[in-house]
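S.K.: Residues per chain are reported as follows:
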Amino acid sequence: MSDMCNIFLFGKKYEVPSNLTIMKAMEYAGYQLVRGCGCRNGFCGACATIYRIAGDRELKACLACQTKVEEGMYIATLPFFPLVKPVYDIEKVSPTQAIMMQLFPEIYSCIGCNACTKSCTQSLNVMQYIAYAQRGDFKKCAEESFDCVMCGVCSSRCPAGISHPQVAMLARRLNGKYLEPSCEHLNRRVTEINEGTFDKLIEDLMGKPIAEIKELYNNREIEK
Amino acid sequence: MYTEEMLDLMKVVEAKREANAALEPTRMTADEKEALLAQYHPDHKVEEFRELLIGPNKGGKVPNELADMLEANSRLCGKDIDLSNPDYETDVLIIGAGGAGTSAAIEADKNGARVMIVTKLRMGDANTMMAEGGIQAADKENDSPAIHYVDAFGGGHFAAKPELVAKLVTKAPEAIQWLSELGVEFDKTEDGTMVTTHGGGTSRKRMHACKDYSGAEIMRTLRDEVLNRQIPVVDFTSAIEIIKDDKGAAAGAVLMNMETKEILVAKAKTVIIATGGAGRVHYQGFPTSNHYGATADGLVLAYRAGAKLRDVDTLQYHPTGAAFPEQIFGALVTEKVRSLGAKLVNIDGEVFMNPLETRDVTASSIIRECSTRGKGIPTPEGVGIWLDTPMIELKNGEGTIMKRIPAMYRMFAKYGIDIRKQPILVYPTLHYQNGGVDVTTDSMSTVENLYVAGEAAGGVHGRNRLMGNSLLDVIVFGRNAGQFASEKAKSVTVGSLTLSHVDAFAKEMAAAGIQTDKVSPMLLPDYARKN
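Residue numbers (our numbering), protein chains in the order written: chain P, 12 to 235; chain C, -15 to 515.
None of these hints come from the bench; they were simulated from the model. Wrong hints could be hidden among the right ones.
Within a straight-line C-alpha distance of at most 25 Å, the following computed DMTMM-like cross-link-like pairs (lysine to aspartate or glutamate) qualify [to be verified]:
{"no.": "1", "chain 1": "P", "residue 1": "K103", "chain 2": "C", "residue 2": "E165"}
{"no.": "2", "chain 1": "C", "residue 1": "K151", "chain 2": "P", "residue 2": "D210"}
{"no.": "3", "chain 1": "P", "residue 1": "K219", "chain 2": "C", "residue 2": "E165"}
{"no.": "4", "chain 1": "C", "residue 1": "K398", "chain 2": "P", "residue 2": "E82"}
Chain P with its partners taken away, still in its complex shape (with noise of 0.2 Å):
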């Protein structure tokens, strides 16, 4: 058995092994979670939860299922936070800046406190690529915050009520749709197949007996 440390869950004292995530040590506790549980692997950002380590000013954020528990930690999670997501059609937009100014005003309210990035779960430079979004700089906003797991903790820090995950969503779906060079091989491709250049290659295989296709799978050429 590996040695305990004391956790406060919402306030309340719970002795819990010392080498758990927060998340096991809440369901070591006796937690059926429901809310503030997805993915258990760091990607879906449910888990968003605030703590401060007794006796340290500082209050941090982090996923509670990549994040050790520590001795004195106080711990509350944010299963939801209410983001601003404002509605659009992804066909009738263009990336520019101003569609920022129409969609997101408030990021123009930007203090340059930098909250958002020091409480990042993802350790993502958060005001950096809201200045992004601000310029019009699509691209650089999408690269910036390409690691986001949209778990809202940098928006519950901002004075501004900036909705920073959902900004950087749109510039991601403007840069991936209208900037990013489109695919020819690609477009090439779904071209042939809707004139049907494979149909009667794909029905003679669909036809072989298995014997036939075992023989053309285990000897088909691998490229290097």
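Given chain P's structure and the hints, the job is docking chain C onto it.
M.R.: Below, chain C alone, put in the same frame as chain P:
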């Protein structure tokens, strides 16, 4: 942070790295693979499976844990449900909000149908979100859907439904195009050429990726699109039973609020099950790479409604789950790590196999290395094999790891392991449900108006799925189900609603002598410690 013993054992891996990186390990012959699978793959452990006593697959073998769920009591047992006054009415009811459910919703909405999604957690809480490696599509000059067909059908041991494989591969390029047009950012070169790699069992480099957040990037984009279309999503609400009408067609579902336990009734013209997989059932006690909600609910719902299942006796164990540190035990280490050049190395520093065999073969080979051959590396949770990640930068240059697999770097860096400099320890983890509900090319099950798409459906992958064919499956067949279910809804007149099939199932259980206090669907695993 590695232990002293591990750091010691790591030295031989370092010493042999350069020579190992240069190796081109031979691939196994078909006979070697068969013998390996028969002896080491968990699907071949006969005592872990039993015959179903009732239902459409009566006499068929399924994992013990699944049999217990299929032959369990309904959550409605003893409850009187009023079907006369539904809480929701819609054309297409979609159960599940992962990649398949959201793709279906977007297409059904486009087709003019009224659509409603129910999901037991949040939209996007799904295995799709966690898919790291990529999505296959034969769109390069040296490739074709026909070559993709042979790879997928052969990789699945020739057990898939040919017409479903055909649809999967011919709709693949269009799926990538559809995602691109929604704004998904694929890895491309300056001129727009897709950056593609191999996956285990592929004969062409056709793995498209969005770094190693492929599924997350796809999922968050689909979620955003569902929100933009203002499709109603009822979250934290599970479906606990399919409702039929007096003609025997699916016509809605009984729902349960996950927090308040309130029971609700949804009436629909067509129903799509897109509930995903089953990793959280922990078959054979394996850890899993899956999402918290992956509990095979769709199979239970469909089976009790009378739908046939197929290939549910075969599960995919991903070869490389994290074996260390224990905080991430069982978490996925994407196959892309091997696509980029990392090899599997045993305790003696030997590369014991080609790292890009199909997943079932690779997993079995690792199990063999760690069991009868005794060449595994001991860990607190058991045993593992080295995956020599520093080879990636040796082969592709410095910076490759941060550029191509940043999530992997992040996952291990949190525990003081720099995968650019140190190898990692891996062992197979329960990853995917190869089979599922039997469907036609229209995505309809054997129950009229009951559609199934994504991991919950069977027949697309046979008895083993290739990397990158699951993200592809959820997009192609999610869209497919959405299109067909919404089209069908135009001509459906729903009869009077009934749950008589649930009662009939209970009687069948009693007649077969099944007595159990288990209820299903499971909905969530129970990890709370019991005092």
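S.K.: Compare the structure with each hint and give your call.
M.R.: Do the hints match the structure? See the list:
Using a Cα cut-off of 25 Å, the hinted pair K103 of chain P and E165 of chain C holds, with the two alpha carbons roughly 12 Å apart. Taking the CA atoms of K151 of chain C and D210 of chain P, the gap is about 11 Å. The hint holds against a cut of 25 Å. The hinted pair formed by K219 of chain P and E165 of chain C fails the criterion: a straight-line CA distance of about 36 Å is larger than 25 Å. At roughly 18 Å between alpha-carbon atoms, K398 of chain C and E82 of chain P fall within 25 Å of each other, so this suggested pair holds.
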